[in-house]
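Engineer: Here are the chains, one letter per residue:
2 protein chains.
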Amino acid sequence: MTTPRIVLDAMGGDNAPGEPVAGALMAAGVLGVELILVGRREAIEAELRGTGTIRDVRVVEAPDVIEMEEHPTEAVRSKPKSSIVVGLEMVKRGEADAFVTAGNTGATMAAALLTLGRVRGIGRPALATIFPAADGKLTMLLDVGANADCRPVHLFQFAHMGAAYMERMFGVARPRVGLLSIGEEESKGNQLTLEVHQLLRGSRLNFIGNVEGKDLPKGMADVVVMDGFTGNVVLKTAEGIAELLFGELRKAVELTPWNKAAGLILMSELRKVKRRLDYAEYGGAQLVGVDGIVVIGHGRSNARAIYNALKAARDAVHNGVLETMRAVGKEIPARGQGGAGEGAAGDNGED
Amino acid sequence: MTTPRIVLDAMGGDNAPGEPVAGALMAAGVLGVELILVGRREAIEAELRGTGTIRDVRVVEAPDVIEMEEHPTEAVRSKPKSSIVVGLEMVKRGEADAFVTAGNTGATMAAALLTLGRVRGIGRPALATIFPAADGKLTMLLDVGANADCRPVHLFQFAHMGAAYMERMFGVARPRVGLLSIGEEESKGNQLTLEVHQLLRGSRLNFIGNVEGKDLPKGMADVVVMDGFTGNVVLKTAEGIAELLFGELRKAVELTPWNKAAGLILMSELRKVKRRLDYAEYGGAQLVGVDGIVVIGHGRSNARAIYNALKAARDAVHNGVLETMRAVGKEIPARGQGGAGEGAAGDNGED
Numbered sequence: 001m002t003t004p005r006i007v008l009d010a011m012g013g014d015n016a017p018g019e020p021v022a023g024a025l026m027a028a029g030v031l032g033v034e035l036i037l038v039g040r041r042e043a044i045e046a047e048l049r050g051t052g053t054i055r056d057v058r059v060v061e062a063p064d065v066i067e068m069e070e071h072p073t074e075a076v077r078s079k080p081k082s083s084i085v086v087g088l089e090m091v092k093r094g095e096a097d098a099f100v101t102a103g104n105t106g107a108t109m110a111a112a113l114l115t116l117g118r119v120r121g122i123g124r125p126a127l128a129t130i131f132p133a134a135d136g137k138l139t140m141l142l143d144v145g146a147n148a149d150c151r152p153v154h155l156f157q158f159a160h161m162g163a164a165y166m167e168r169m170f171g172v173a174r175p176r177v178g179l180l181s182i183g184e185e186e187s188k189g190n191q192l193t194l195e196v197h198q199l200l201r202g203s204r205l206n207f208i209g210n211v212e213g214k215d216l217p218k219g220m221a222d223v224v225v226m227d228g229f230t231g232n233v234v235l236k237t238a239e240g241i242a243e244l245l246f247g248e249l250r251k252a253v254e255l256t257p258w259n260k261a262a263g264l265i266l267m268s269e270l271r272k273v274k275r276r277l278d279y280a281e282y283g284g285a286q287l288v289g290v291d292g293i294v295v296i297g298h299g300r301s302n303a304r305a306i307y308n309a310l311k312a313a314r315d316a317v318h319n320g321v322l323e324t325m326r327a328v329g330k331e332i333p334a335r336g337q338g339g340a341g342e343g344a345a346g347d348n349g350e351d
Numbered sequence: 001m002t003t004p005r006i007v008l009d010a011m012g013g014d015n016a017p018g019e020p021v022a023g024a025l026m027a028a029g030v031l032g033v034e035l036i037l038v039g040r041r042e043a044i045e046a047e048l049r050g051t052g053t054i055r056d057v058r059v060v061e062a063p064d065v066i067e068m069e070e071h072p073t074e075a076v077r078s079k080p081k082s083s084i085v086v087g088l089e090m091v092k093r094g095e096a097d098a099f100v101t102a103g104n105t106g107a108t109m110a111a112a113l114l115t116l117g118r119v120r121g122i123g124r125p126a127l128a129t130i131f132p133a134a135d136g137k138l139t140m141l142l143d144v145g146a147n148a149d150c151r152p153v154h155l156f157q158f159a160h161m162g163a164a165y166m167e168r169m170f171g172v173a174r175p176r177v178g179l180l181s182i183g184e185e186e187s188k189g190n191q192l193t194l195e196v197h198q199l200l201r202g203s204r205l206n207f208i209g210n211v212e213g214k215d216l217p218k219g220m221a222d223v224v225v226m227d228g229f230t231g232n233v234v235l236k237t238a239e240g241i242a243e244l245l246f247g248e249l250r251k252a253v254e255l256t257p258w259n260k261a262a263g264l265i266l267m268s269e270l271r272k273v274k275r276r277l278d279y280a281e282y283g284g285a286q287l288v289g290v291d292g293i294v295v296i297g298h299g300r301s302n303a304r305a306i307y308n309a310l311k312a313a314r315d316a317v318h319n320g321v322l323e324t325m326r327a328v329g330k331e332i333p334a335r336g337q338g339g340a341g342e343g344a345a346g347d348n349g350e351d
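Going down the list, the sequences are from chains Z and G.
At position 52 of the first sequence (counting the first as 1) the number is 52 in the working numbering, and the numbers step up by one without a gap.
At position 47 of the second sequence (counting the first as 1) the number is 47 in the working numbering, and the numbers step up by one without a gap.
These aren't lab readings, by the way, just hints derived from the structure by calculation.
Careful: at least some of the hints might be erroneous.
The list treats identical chains as one, so a pair stands whether inside a single copy or across any two.
Unchecked claim - Once the Cα atoms are required to be at most 16 Å apart in a straight line, the calculated EDC-like pairs of lysine to aspartate or glutamate come out as:
{"#": "1", "residue 1": "188", "residue 2": "74"}
{"#": "2", "residue 1": "214", "residue 2": "239"}
{"#": "3", "residue 1": "274", "residue 2": "243"}
{"#": "4", "residue 1": "137", "residue 2": "248"}
{"#": "5", "residue 1": "272", "residue 2": "254"}
{"#": "6", "residue 1": "188", "residue 2": "149"}
{"#": "7", "residue 1": "188", "residue 2": "69"}
{"#": "8", "residue 1": "214", "residue 2": "184"}
{"#": "9", "residue 1": "251", "residue 2": "135"}
{"#": "10", "residue 1": "218", "residue 2": "248"}
{"#": "11", "residue 1": "188", "residue 2": "70"}
With the rest of the complex left out, here is chain Z (with noise of 0.2 Å):
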């Protein structure tokens, strides 16, 4: 097997360069990749400075940089030389097998769909991320934020992806495909979901049926497919619960010496469940349609999440993930069986 070689975008996301070479430091001979840090070399050279010779490492000067709060489509327009887009083009020449970011997510997206493009036969790409349910149980969520008005042809799409991702990648037999909505009965739901409903049960995935959001955390689906705005609110939300939580947690334990002391007991049980949630254990988000691999970390990304988005990068190389998604693109018109012509040739949702 050839070495995966992995661009990281040093200069995304809040703690760039610092966290992300980091991160790189973390991975450089650990997981058996070459890495090829792009942004400004200055800054990055900087950060390697003092760490000795690394090998496997190599820097590629990009000078500009988009921000976190820049508009996406005009950020990758008037910066062609940003981080973001000088990785992704390494990527689409051949010069690289994956492209990881912690960076701008929407300029990221905006800038795959102009370098790379989508894969032949998939209308739109999608964000996908792992979800931590209950007992070490992995759902992928998509999409989770890539498109915030979808058409039924598009979840469709996605639990194909989301399918035959988690079969590739964690090699699950038969990925039970779950729908987001608000009630188990197949009549509960809003118009989109009323009709991806019937897609999906009229596809050959193993389709369960709707899932609610209480029902994310039990690992009831190996899949669960939604529009990109829903998906990002689920996200959002949980974070915000999560913290909720914890912050009361906190706050319980400096009440008095002795919740003081039951507190450093349990904390590092606590540490534990706070990191199922953490952002940093899973390797971000995969920008799946598009035609190459992407992985999108948290803005907030430190050296481990940066680690975790370069690992599951490498595992996507490794695995194949990209000539699945290809090979996903060219069966779904053939699949579509209960689409009404929504998967047909031709309508793939394009748009």
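With the hints as your guide, set chain G onto chain Z.
Structural biologist: Chain G alone, transformed into the frame defined by chain Z:
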């Protein structure tokens, strides 16, 4: 002030008639209301037996029961003698001031529309709930499930109803109104929220802009509006995450005797944290925009939750919430300046 007369659906919820009756007994003589228990007289009286003579509580016979899993509109049509329909008809006839149930939410909404009708000028009633934010702050979320698909004018009206409610019920001056979306910038969102953002900006409300899921528990807004699909997903995701975290904590506490001791010390604090997110502590959801006071509790409501729902209904009657909503319905057309005709008389979103 006259004594509020509240009809309680004794047959509604997973624990009926036991818990509803127990909740009514908690409330009798304490809340200063006249209680009417509606449902199967025999079953209710069996629960009342041995409790002595209860002042201020009477029973009204309703032989039919709409079960939790029944199809809302079909159930309402086929069971005109159900406790839900009979109870709401008493409110319609002016024999009671409010209706409280922990039964089938969809059936209650359908029956309320059928019997009470909408407040004049309001296109769609919304299910509104109070979300417990940090530091004891309260945020009203609506719609959390009445309308899976909404048009911009509906959210515009929800915002006005929510603001009027918080002002009237909790004395909040110029309530801060937020719009749930997937980014703070006005350019972030789906088609619906982008349009609603503009409508709210042009309104006389104290609109603070978009609010993200992670900010909901921070109490940044007094009212946050959303479509009923998204609102339902938010509530259920919050419920699921809280269950996940407390489940993990319980496991952590069981691991060693030391952990167990520490858990015991922290237990009462943990319970307080849990209670903050507990339906039982908040008087259920109120259906605003129908022409009557209707409070819907969680299906799992225990006596305490029923008591709190009765209290919420009483406060709504005392504070003249219905009259406030009628005033909102009258004012919205004149107010809908930024609405490009959306709020104009004759187009109030009714359908």
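Engineer: Indicate, hint by hint, whether the structure satisfies it.
Structural biologist: Right, here's what the structure says about each hint:
Taking the shortest alpha-carbon separations for residue 188 and residue 74, only the inter-copy value of 14 Å comes in at or below 16 Å, while the best intra-copy value is 39 Å. In this assembly of identical chains, residue 214 and residue 239 lie within 16 Å of each other by CA distance both inside one copy and across copies; the values are 14 Å within and 6 Å between. Taking the closest pair of Cα atoms, residue 274 and residue 243 come within 16 Å of each other both inside a single copy (9 Å) and across two copies (14 Å). Taking the closest pair of Cα atoms, residue 137 and residue 248 come within 16 Å of each other only across two copies (14 Å); inside a single copy the shortest separation is 27 Å, beyond that limit.
For the identical chains of this complex, residue 272 and residue 254 are inter-copy neighbours only, at 15 Å across copies versus 20 Å inside a copy, given an alpha-carbon limit of 16 Å. In this homomeric assembly, residue 188 and residue 149 come within 16 Å of each other (Cα to Cα) only across copies, at 12 Å, whereas the closest approach inside a single copy is 19 Å. When the C-alpha separation of residue 188 and residue 69 is checked against a cutoff of 16 Å, the pair qualifies only between copies, where the shortest distance is 12 Å, while the shortest distance within a copy is 37 Å. Proximity of residue 214 and residue 184 under a CA criterion of 16 Å is satisfied intra-copy only: 11 Å inside one chain copy versus 26 Å between copies.
Taking identical chains as interchangeable, the C-alpha atoms of residue 251 and residue 135 lie at most 16 Å apart only when they sit on different chains, with a minimum of 11 Å there against 28 Å within one chain. Proximity of residue 218 to residue 248 under the C-alpha cut-off of 16 Å is restricted to the inter-copy arrangement: shortest distance 12 Å between copies versus 24 Å within a copy. In this homomeric assembly, residue 188 and residue 70 come within 16 Å of each other (Cα to Cα) only across copies, at 12 Å, whereas the closest approach inside a single copy is 38 Å.
In summary, this structure violates none of the numbered hints.
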